[in-house]
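Chemist: One line per chain: the protein sequences are A and B, in this order. For the first sequence, counting from 1, position 31 maps to 34 in this note's numbering; every step adds exactly one. For the second sequence, counting from 1, position 14 maps to 17 in this note's numbering; every step adds exactly one.
Because the hints were derived from the structure by calculation, they are not lab data. Cβ atoms here follow ideal geometry from the backbone N, Cα and C, with glycine treated the same way. Heads up, a few of these hints could be off.
Just so you have them, the derived chain A footprint on chain B, three or more residues with Cβ under 8 angstroms [unchecked claim]: (1) 213-223; (2) 231-243.
Sample of chain B residues lacking proximity to chain A, with all beta carbon distances greater than 10 angstroms (derived) [said to hold, decoys possible]: (3) Leu51; (4) Val128; (5) Leu150.
Now the in silico label distances, taken between C-beta atoms and shown as ranges [said to hold, decoys possible]: (6) B:Pro239 - A:Arg194: 32 to 38 angstroms; (7) B:Val143 - A:Asp257: 53 to 59 angstroms; (8) A:Pro71 - B:Gly151: 29 to 35 angstroms.
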Amino acid sequence: MSDIVLETRDLTKHYGGVHALEGVNFILRKGEHVAIMGDNGAGKSTFVRQITGVEQRTRGEILFYGRPVNFAGPLEAREAGIETVFQTLALADHLDVADNLFLGREKLRLRLGPFSILDYKGMREATLKALQKTGVKIPNIHNTIERMSGGQRQCVAIARTATFHSRLTIMDEPTAALGVQETAQVENIIRNLKEQGEPLILISHNMRQVFDLVDRIVVFRRGRICANLRKEETDGQEVVAYITGAKTQPEYADAA
Amino acid sequence: MTDRTAASVPSHPMPRAQTRQGLSPGAHLRRPEAGALLGLLAVILFFLIFGGTGFLQPAGVASWLNVAANLGIVAIPVGLLMIAGELDISIGAMIPAGSMTVAIIAGHWDQSIWLGIAAALALGVVVGWINGTLVNVTRVPSLIVTLGTLFAMQGVVLGLSVLFTGTVSVALPPEEAGPMAKFLFGQFIGGTFQVIIVWWIALTVLYVFYVHFSPLGNWIFAMGGDRESARNAGIPTQRLTLILYILSATSAAFVGLCQAILFNSAQVSAGMSYIFNAIIAVVVGGVLLTGGFGSVIGIVFGTLTFAIVNQGIYFTSFDRNWSSLIIGVMLLVAVLMNNTFRRMALSYSPRKK
């Protein structure tokens, strides 16, 4: 078996006349952490939404561990092992931590079709375990999300990805709204994932963070990939040049 | 940052401490029904002082329990929609639609009562499906969508009734309904208690189970908090919306058909008052208008509170024309109180050992 975790071939998404994503060929290998960078509207989040089944792609193929996949919705993607931390976090404000971690795939004490009963205790215990595993500190898991700081919310969203044995983690700007200390905490979680050999796609605007955390940088511009750079072979200035359109790698000439 | 009792410190006996804290008084005050229960007690006290114990005698209890049961069966699904961030006012047309359907089919056309009941419920499913689909597809605010279907259904009910029967009021004699349907949907237990009270209690138990003990409830709360996030988390938001609308329209049709069988007749115009009464019951019951917060028991308390105010006035020496004033003031007080309780809940921090 090859070591490719995720591959997209000619992945394309049109919203009416807007070509948000155009012929994207992307490869992620085992244990690899890849950053996706690009200006606003470059297609980064659109790319993630196609992979996670939030939207249905216009054209193209997605292969997950070598198998072509067609997720009808985000839940199917999660069941297949793709965990996503969305820009909007996808947390329910009025539910507590445990309910949020298991939202959409609740633990059941009694599985009987429409008469299923929730296993609140089991969910709470699993939540504590997950928080330990990720090193996330939440004062009280009975708190509803709306009573938490931005950083704590982010940590809950990230802990959710760790609760389930994920085969691919995607984070869409996980630290965009966070303070210094909270950002450091999230970055530590990402390093943890790296040590455990779990593959990750990180969308970020933060150049320092990207160079700190990932192995490879893929730059999007106007819905196309315009550069694929190994971290050691590039620097911040060059990445900026690719993002703004001053440079384009020869193999992606059609993105110019 | 404030104190962070590290959930990650292994030696800390966290799980036990966490579960015990759910029993403290502070945790109970932050329950959505806390305000509703206090409101209910306040209203009972008010009428005890001004009206004596008359409304707590069997005949008095029947008067408000009957009102509460009819309203409550509609109020719970309407409340669930509100928790999910939606609204359904088309129930005002669905109640007469349900009673006219059963009365026309069984009373006017002499068909089987069961066919009439099935048709009334099916009509509820169809209108609910239309409501839910329109809301899902167009994303027009549900107030507008259901305002449209409210008027459309009013027109349909009036038009078809006149077309089929030539009148706006159709009789459904007991011998047409038959003893079985009369027993199940339209009898007075003990001479004064409508059988719909039993339905209300049974349905409430079902709702409590689904909303607070099965995954569906969490999904509804998640939807009301943030629909987009719920969708990203994998909740089938569109299917859930559809189910909730079907539930509210069908519940309204059910109340309508029960009334037709109980009173042996159906009118085109009945039911509009249910729109506002249901919303009042739900809001007094502690459901947040913006969604995401509330409870079934709270809605039951709200419904009871409304019904007692609505009927309690007859047991006092007040002119009954004043009852709307009391209801209006009560609504405002309830909303303000709920806000206070919510703030208390938000700033409440469980004491650590």
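Chemist: Are the hints correct? Go through all of them and say.
Modeler: Outcome of the hint check:
1. 213-223: holds (count 5)
2. 231-243: holds (count 9)
3. Leu51: holds, 35 angstroms
4. Val128: holds, 17 angstroms
5. Leu150: holds, 27 angstroms
6. B:Pro239 - A:Arg194: 32 to 38 angstroms: holds, 35 angstroms
7. B:Val143 - A:Asp257: 53 to 59 angstroms: violated, 41 angstroms
8. A:Pro71 - B:Gly151: 29 to 35 angstroms: At roughly 44 angstroms between Cβ atoms, Gly151 (chain B) and Pro71 (chain A) fall outside 29 to 35 angstroms, so the hint is violated.
Violated hints, in rising order: 7, 8; the structure is consistent with all others.
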